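*Asks:* Spelled out from the first residue to the last, the chains are:
There are 2 protein chains.
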Amino acid sequence: MSDDRNWTTDPSELLRVQPGFRLSEQPTDGSPGFRGDKTAGEEALADGGKRLADLQEQLFASGREGEPRSVLLVLQAMDTAGKGGIVSHVIGAMNPGGVRYAGFGKPTPEELAHDFLWRVWREVPGAGKVGVFDRSHYEDVLIGRVRERAPAEEIERRYGAINAFEKELTQSGTTVIKVMLHLGRDEQKKRLASRLERPEKYWKFNPADVDERLLWDAYQEAYQVVFDRTTSAYAPWFVVPADHKWYARIAVQQLLIRALEGLDLQWPQPDYDVEEQKCRLEQS
Amino acid sequence: MSDDRNWTTDPSELLRVQPGFRLSEQPTDGSPGFRGDKTAGEEALADGGKRLADLQEQLFASGREGEPRSVLLVLQAMDTAGKGGIVSHVIGAMNPGGVRYAGFGKPTPEELAHDFLWRVWREVPGAGKVGVFDRSHYEDVLIGRVRERAPAEEIERRYGAINAFEKELTQSGTTVIKVMLHLGRDEQKKRLASRLERPEKYWKFNPADVDERLLWDAYQEAYQVVFDRTTSAYAPWFVVPADHKWYARIAVQQLLIRALEGLDLQWPQPDYDVEEQKCRLEQS
Chain Y
4 MSDDRNWTTD
14 PSELLRVQPG
24 FRLSEQPTDG
34 SPGFRGDKTA
44 GEEALADGGK
54 RLADLQEQLF
64 ASGREGEPRS
74 VLLVLQAMDT
84 AGKGGIVSHV
94 IGAMNPGGVR
104 YAGFGKPTPE
114 ELAHDFLWRV
124 WREVPGAGKV
134 GVFDRSHYED
144 VLIGRVRERA
154 PAEEIERRYG
164 AINAFEKELT
174 QSGTTVIKVM
184 LHLGRDEQKK
194 RLASRLERPE
204 KYWKFNPADV
214 DERLLWDAYQ
224 EAYQVVFDRT
234 TSAYAPWFVV
244 PADHKWYARI
254 AVQQLLIRAL
264 EGLDLQWPQP
274 DYDVEEQKCR
284 LEQS
Chain L
4 MSDDRNWTTD
14 PSELLRVQPG
24 FRLSEQPTDG
34 SPGFRGDKTA
44 GEEALADGGK
54 RLADLQEQLF
64 ASGREGEPRS
74 VLLVLQAMDT
84 AGKGGIVSHV
94 IGAMNPGGVR
104 YAGFGKPTPE
114 ELAHDFLWRV
124 WREVPGAGKV
134 GVFDRSHYED
144 VLIGRVRERA
154 PAEEIERRYG
164 AINAFEKELT
174 QSGTTVIKVM
184 LHLGRDEQKK
194 RLASRLERPE
204 KYWKFNPADV
214 DERLLWDAYQ
224 EAYQVVFDRT
234 TSAYAPWFVV
244 PADHKWYARI
254 AVQQLLIRAL
264 EGLDLQWPQP
274 DYDVEEQKCR
284 LEQS
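Line order of the protein sequences matches chains Y and L.
Mapping of the first sequence onto our numbering: position 159 corresponds to residue 162, and the numbering continues sequentially without gaps.
Mapping of the second sequence onto our numbering: position 19 corresponds to residue 22, and the numbering continues sequentially without gaps.
Only chain Y is shown next, with the shape it has when bound in the complex:
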């Protein structure tokens, strides 16, 4: 039931970070694996939304019956790459009652007074839930590294800590899907500029976005280290070309759909006698 009509190659294979992966060699403006254009992509998104909602309901049902499985989507990207649109247009197709969204901003003093994983642990999805991290523990080795927010040996330590954390999650039933939306530098400039053109977009712009943009190369290098050190069989990274918003959305949607399909979900068996309950209900 995955979307083989529209895709020539399974995006969860095509976009997966493999040994020897070099971020600097990855295009940002393609639509790899997808047969159609933007219009076809928008149709595929609508169809995929229904499929995703159905799968999520099955996951939720399994959680209610005591199955420990959950899914965690980790979203990382440079500013304006489209995380918000993924949340709205891909995650938004699922029932909010089964989704746990967590946005990670600048750490509070209380968060800084704890290990960097403390605030992250509190937001991991419970059984049956789809968790979404809008930014994540990776900020602590991205802006943390680029801006030297912690000593070098602490940054070093974190890659191993992240791997151990993600291993723990996956061993306890969580399927971890890590996505980097890969945006072109020129495309970012256009998108930031458009936020300065319309008063209803001003609030989305922050002068600090330009400060970060000036460190573009350092961030790309920090991402490369992330891929080198935290790509694992249990918690893979996917790098999704993001210059075309429509493509990034259907690609991430497919990653979720295929991960959920991989769980081979079944509707739970009743733990009561159906005929007996029909009888009780009839008399009530």
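Derived by calculation from the structure, the hints in this document are not laboratory data.
If a hint is listed, it holds; no wrong ones were tucked in.
For chains that are exact copies, the list does not tell them apart, and a pair is met inside one copy or across any two.
Think about it this way: if two alpha-carbon atoms lie no more than 27 Å apart in a straight line, the pair counts; the simulated DSSO-like pairs of lysine-lysine are:
#	residue 1	residue 2
1	Lys-281	Lys-207
2	Lys-53	Lys-204
3	Lys-204	Lys-41
4	Lys-193	Lys-281
Note that this is a predicted model, so its numbers are computed, not measured.
Dock chain L against chain Y, hints included.
*Replies:* Chain L alone, transformed into the frame defined by chain Y:
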């Protein structure tokens, strides 16, 4: 911009609990105030979803700029009345990044070791967010009262505690909208029966649902006490006929839209110099 084309009377007036309100006199099967039929209702829901999403984005933007406003929708109802459908079809139209959903089930031992409001406080929406309580602190005076889960004087005490809690919320910037989905007893029987007809619905059925159904009258009385004691100018109750799912959805959607419109939201002014930032961006 509220939907005056489809509604003869503002549902936030029509469905609001007023002094002298008697739940037992309220129909469950009408579509009060709405001009059209089910098909018109489904169209209105789609249109309203876009309006709601826009208003929510403005609320979210205001929160990012330090405005303290938020909205809390409290959903209460007998089993199968359609809370889940409201969450999916009404709340689902908003960006998940701006929604905080909290479902309140049977309290855990840790929750029981605290005041009944403890677990509720932890889930109230922050600035700019739309919070949704799927069941709520009202369970502690509904099942709490009917099943005598606490001494009578403790149940008594809770009505005042709830009013004080909701006053505190509203005074700190939260608009509180309390909705009871009002379902007919026969309609509930049909809906429970349908869950026993299809294997993919079995998980939604729980034999305890029939136990609760057998206490129908006691629950209706407990709701009446709730309306008598916790209807306030700052945190009103709305009783929404729920035998027609399509009607309940557009009615709750309108309650949210009109509450958000009442906040008179504006896009935030930039706290930076737009032209200066354009210049910096151009050079980056």
